[in-house]
Every structure is written in C-alpha cells, then in structure tokens.
Amino acid sequence: MQVTLRIKRFNPDVPEFQKPTYREYQVEVEPNDRLLDALNKVKWHHDGTLTYRRSCAHGICGSDAMRVNGRNRLACKVLMSELGTKVTVEPLIGFPVIKDLIVDMEPFFEGYKSVKPYLIADDAPSAGERLQSPEERARYDDTTKCILCASCTSSCPITWTNKEFVGPAAIVNAHRFIFDSRDQGAAERLRILNQRSGVWRCRTVFNCTDACPRGIEVTKAIEEVKRALLFDEVQ
Amino acid sequence: MAYHRFDAVIVGAGGAGLMAAIQLAGKANIAVVSKLYPPRSHTGAAQGGISAALGNVEEDHWEWHMFDTVKGGDYLVDQDAAEILAREAIDAVLELEHMGLPFNRTPDGKIDQRRFGGHTRNYGEGPVRRACYAADRTGHMIIQTLYQQGIKHHVNFFDEHFLVDVLFTEDGICCGVVTREIKTGELHVLHAKAVLIATGGFGRVFKITSNALAGTGDGIAIPYRLGVPLMDMEFYQFHPTGLYKLGILLSEAARGEGGILRNSEGEAFCARYAPTLKDLAPRDMVSRFIYQEIKEGRGIDGKDYVHLDLTHLPEEVIDQKLPDITDFARTYLGVEPKKEPVPIQPTAHYAMGGLPTDVDGRVIRDEQATPIPGFYSAGESACVSVHGANRLGTNSLVDLVVFGRRAGRHMLKYIQENSLPPLPREPELRARAEIDAILSRKSGIRPVEIRMAMQEVMMDKVSVVRDGRGLAEAQEKIQGLKRDYASVAIDDRGQTFNTDLLEALELGYMLDCAEAIIVGAIAREESRGAHYRTDFEQRDDKNWLAHTLVYRTSGGIQVRKKPVTITKFEPKERKY
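Chains as they are written, first to last, in our numbering: chain A, 8 to 242; chain B, -1 to 574.
Be a bit skeptical, because a hint or two may be false.
[What the hints assert, rightly or not] Distance condition first, Cα-Cα at most 27 Å in a straight line; then the derived BS3-like pairs of lysine-lysine:
1. B:150 to A:170
2. A:120 to B:480
3. B:25 to A:123
No wet-lab data here; the hints were simulated from the structure.
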C-alpha cells in the first residue's frame, strides 16, 4: 500500500529546515510493516538526512518513541495497517528538539536519576539470595517493565509547562523500588516525591497510561505513591 | 577536538561493559562510552534466563553446567574458561540479586529456575531447571539493574558517543579511543591506560536477525583492521525461533516451559532427531532440524517456516512467564499464541567468535595467548572461548556478568601497576580522514545497496548450512562490496546528529566482520556446532579441534590455529 508520511523536520545545519517544517514522503509499505520500516525506507532510499533514534526494532529498547498521528508511540511497535494512508510523525513534545525526530533526553534522564532509581539496602546476606515471596515480587512487577522511552512523560500535559515536575516515568521507577520488599529507601524517595516537583503535580489525566507501550498502569502507580504519602505507609 | 584523560575507558554499556564499570567505579577515573543510552543496549533484549547451578528447585552442580557448556559447544570450548563460567555463575547471579534484580521466586522465596536448551542433570540424563529468570525479560532486568548501579556509583557516562578508532602506541600498547559525539559531530580523544571493548555482536550482517540495528561489530572491526586477530568467527549462532520474516526472538524459554515445534503435518519433529532432549536440544541442532524439515517439504504450506505451538500451555504460564514474547506474536504477526501456533524460522542471533581473550578479559595477539597490554574485551564482542562452536541458551548472560566482572577487576589491577602510555601523534587523524572522505564524496553508491547485498549473500550462503562453493561465492561478493564501499556516498553532510554518516561507518565495520566470518568458514573443512558444511559433514577432531585466528596483514588475510584447552572432558560424539 502507498502511504504518505508527513514528517516534522528541523535541522540546524540546513537553512531549509532551520524553522520546523512539515515535509511529505510517499512510500510503498506492507500493511504489517512497522512505522520504523517506513521511516527506514525514506532514510535509506530517498533522504538520508531524515534523523531519528532506533535500535532493537521490537519495542524493548525504548529508542524510537515519537508522536504518531498525535499519540506517543514506539515507531517499531506500531504497524502501518493501524495508521491509515496519511501519517503525521513528529518529535516527542515537552523536550527540546535537536534534529528532526530527535529530542534532548537529558532532562528526562535527570528526572529519572533524581528519585534514586536503585536498590537501597545494606543487608545483603553473606551467602545466598535475599528471600522474597512470589506475592512480594508481584507487588512491583508492573513498574519493572519500564524501558525509559519517555512516551508517558512526554504525553503528560503538566510536563509541557512545568519543567520542575519529575514526570510519570521517574515516579514509575521510584514506585518500582518503594514497593520492593527488599528496599530500605522508601522514606527517602517519598520525601523527594513529596516536594513541589513530585507526585502532587499529577492531575490524574491518564495520558501516561494510554501512552505506555509496555502497558504499565502508570497512573495507578502514581496514585499508589500518593497514597503511601497520605497514609504514611507502604502497602 | 576534545581531549580527556582517564585510567580506563569502557566502550559499550551493555551487561559486560557495565559489570566491568561497577568494579572500577569509585576506585579509578573511568568513562563508559555508548553509541546509545546505556539502557538501550542489546543485553536488554535477552529474554529467557541466566543459568547458575543454584540448585534452588532440584539438584544441580556447577560441574554439570560446565559439562553442558563444553558439550553444547561441540568440544571447542576452552575448558578452563568453562569451569570459571560455571563456578562463578553462582556468585554472579547472587550478586545481581543483591543489586536488586527482580528475579521470579519460588514459593519459599528463593530465585526460581526453569529449563533451557542443552542444560541437563548428571551429564546429559535429562533437562534440569538451571535458568534463573525475571519473566521473559531477564536481559531487560539485568541492563536496568546494572545501569541503576552505574548511577548509584556515579559512573561517568559518555552517552551517544560513536566509536571511530582504537589507539595503540608504536609498541602495541593500547592507549585510548577516539569517539564522535553524535549530537555535535565533535571528535573526542579518550586517553587511557586501559580500554575494554564491550560492544556486543554483529548480527546485522545477516538479513534475518534478532539483533538490534546497533549490532554492527564496531568494536571488533576496528582492532581487526589494525592487525588484531579475530577468533572463531565462522561460528555464528542461528536461534531456532525467530518470528517468521522479522527475525524477532521468541525465547527458548517458550520451549523450556513446554512449547513444541511442529511441521506441516503437526508432528513434534524434534523428538525424531533428539529423543532425550527433544525440543530442548541445543540451538545449532534445532535450527538444522528445522532446515531439514523445510528441505523435505514439511515446512508450513510448503514454505520456509514451521510452527511453535504454545496452545497447550496453561494461560497463567503464558501470562506470567512468557508475556513479552507472546505479545510480540500478537503485535507483529497478529497471532494469538494461546489459540494458534506461531510461525517461526531460524534467526541470526549470536556470535560465538570475536576478539580472542584470556579468562581475565585481556585480548591476546597470537596462538601462545600473548596479551596486548591495556586492551580488554568482554561479552559478545569477546571470544574467551566459553561457547566454542555453539553457545547454550542463557550462557551469554552468564558470560557477560562473569567475564565483565573479571575484566573489570583485572583492569583495576593493571591501571594501578602501569603508567599512562603516550598517545600517537595526531591521534584523531585516521578517524578524521575516514569521516571526511565519506562526508566530502559528492556522489556514489548508497549504503543501503551495499548493505542489503551483503545481508542477502550472508543469509543465502553463510548461515545454517554452508558449502565450499557457496562460501567462495560469498567471499567474492563481499570483496566486490568492499570495493563498492570505497565509493559509498550519503545525503547528510551536517555535523548535528548525522546518523546517515554513522550508518555508513557501521556498514564498513560489518563488511569486515562478514569477511572474517567467511574466511574462517572456508578454512574450517569440517562440521562442528553452528558451522555445518555439506561438503564436510563430519566433525574432524584430528585436524580441527582448534580455534581459528583470522588476521588481516599487509600480505593478505591469514588463518592460524590456536589449540583448545581440554581439562576434564575428553571430546565425544554429541548426542541428545
């Protein structure tokens, strides 16, 4: 099938694209091609200057999050058959654009790092593993799936205007440890998320949950962190 | 150009690179370079598990794991290294747990374990539950956990820096690397006492592959160009179960949990070839079983694929233990694995070969195992060799944590005992010349034309089944493509995030990897593990119980043999 990709271009090195400009490309695709396959066709055969991040090409490395027909998707996890014959592709919003579909991820990773996203525990046994029941393990299973693609954070309207807000992805990764029975850093992380930049900026819009390509119940995770703060307990 | 000085530089931020970095963090001034962001590394794509003889669910011993590794590798494994792998796997897995890795658990709270191909109890009696796992995203949890530890230990990350050169002194001591900062196009010289190459594999030389687009062999092609040998490159693993046409991996855990391969007649054909282990025979064998079924007309609808049948598994096993891979089948093929079988075909998956190293990650230069001072490699880019002619499932993750850790520890000792070697004059010159040549070329051949031709010929002539004539054809083709590459031309001449340029450079690296694979495959006139030749169908221990070292020299390409280290297990015929 013939599709038209309408791609938002920006390139500081090229006068033509120094102001963001939409450019259309016609490509022949199979219905079960990924959008990434279509972008590769443009780049490899028509216009090598088109620029985007990509790596694993099957939805687990988190490189190719972008705005597709107005929704945040991974280009490698959306098939052309879902998108119609005219597809608008834009960079994630809420982050500075470096070139074409590439945004500056540094603010995103800064938010992630700010919640201490690592196990805090000083009780590793000298022999064997720490014990954790299957139920305790299941408590935080959902939030271990995060691939740090920024789809959720970029879909959140609060992050568009409030640059202080750590954003949903950072909270998801805090949740992953707060509710891990082995972790001893919950109080520390909850204190961080109780600040002006933390969970109270969330207005429960649910965009994040809709945007997550891993199916994580992001809004639920945020609510659980809020509840832990309100009721002073981690359940 | 920017200049930086470090004690050690680690290139590649997958499992091996990060594991090494964690050994050095806080004790030395180090940098970790990645052309991606670290959690995007391809370690994250590993699914099924990481083996260690913990014995949490049934009796197991590291000696059994060592034996399976040696036998699985068709006796080309260096047994001193396999012993280290199997022994240290236990402690390495526990260390990952202590770092916070969320393993699945047994009812009594220990790390749960499951079956995997080629892993057996009591030296081959039957399958054993040895693979520790986190659902079917074990690699994802390893890369996340190690990146988290990197953040905790304030590791200095050079994210989105692309490797363009490795530097050596005139005396052959490694003294740093040159990178291109992807965002700006600026060249950086990272001057260091020690360099670890942990850049992973090069599956993208083949048309159908489970590998990321980033798997282009950068870190091994550059040293190869400079005269460092590559070892056992002819051994390239095709994983039996890639999604049809796409090559996306469906973990062996699917068969470990009870999944069955079926041909067009619905027959569970693996049982015919491997009566004991059946679907859990090693990957090289299962890939050949599939090839044989297709050749004999029992592919589905007469085509080049067979079915992976999970329909008899309990729904909760699929939902809790195999959620990601069943989601891949739904997303990409529109197949519901709970109700219908999944079309699969073998997919290029893993390089057993690479930079030859000793058990401390030191890259060696010859058959006497002479180390190159300051130069290290670990993970898929390295060949220790613990995988021999065929890697067992889960052993790649064991390899990268065990030998990443050992390399990091040895580097720490090395940098404490040695001073900073001098840089060559104008260290960035070679890289700059290569980049400028491509950027300044006005017209020529598009990279995609060369790349697709390479991937086609490698798939047709150099994959699961090979023969001398096909290999010679492939060699001629790759030589022609290398000539074409001298006139490769791109559209993007800018400095900002020029991925057009990077893809062209990656193509150059891949052509070198392809060349080395073919040279090794032509030289090795036998069939062993993943290297199967119809013109030499038998394993030939008399002549070929040896590693190959491929050198590029001024007088052409040379192949030399390096002896295999045998300690506990004498080579035997491999039956399952």
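Looking at the structure, which of the earlier hints fail to hold?
2
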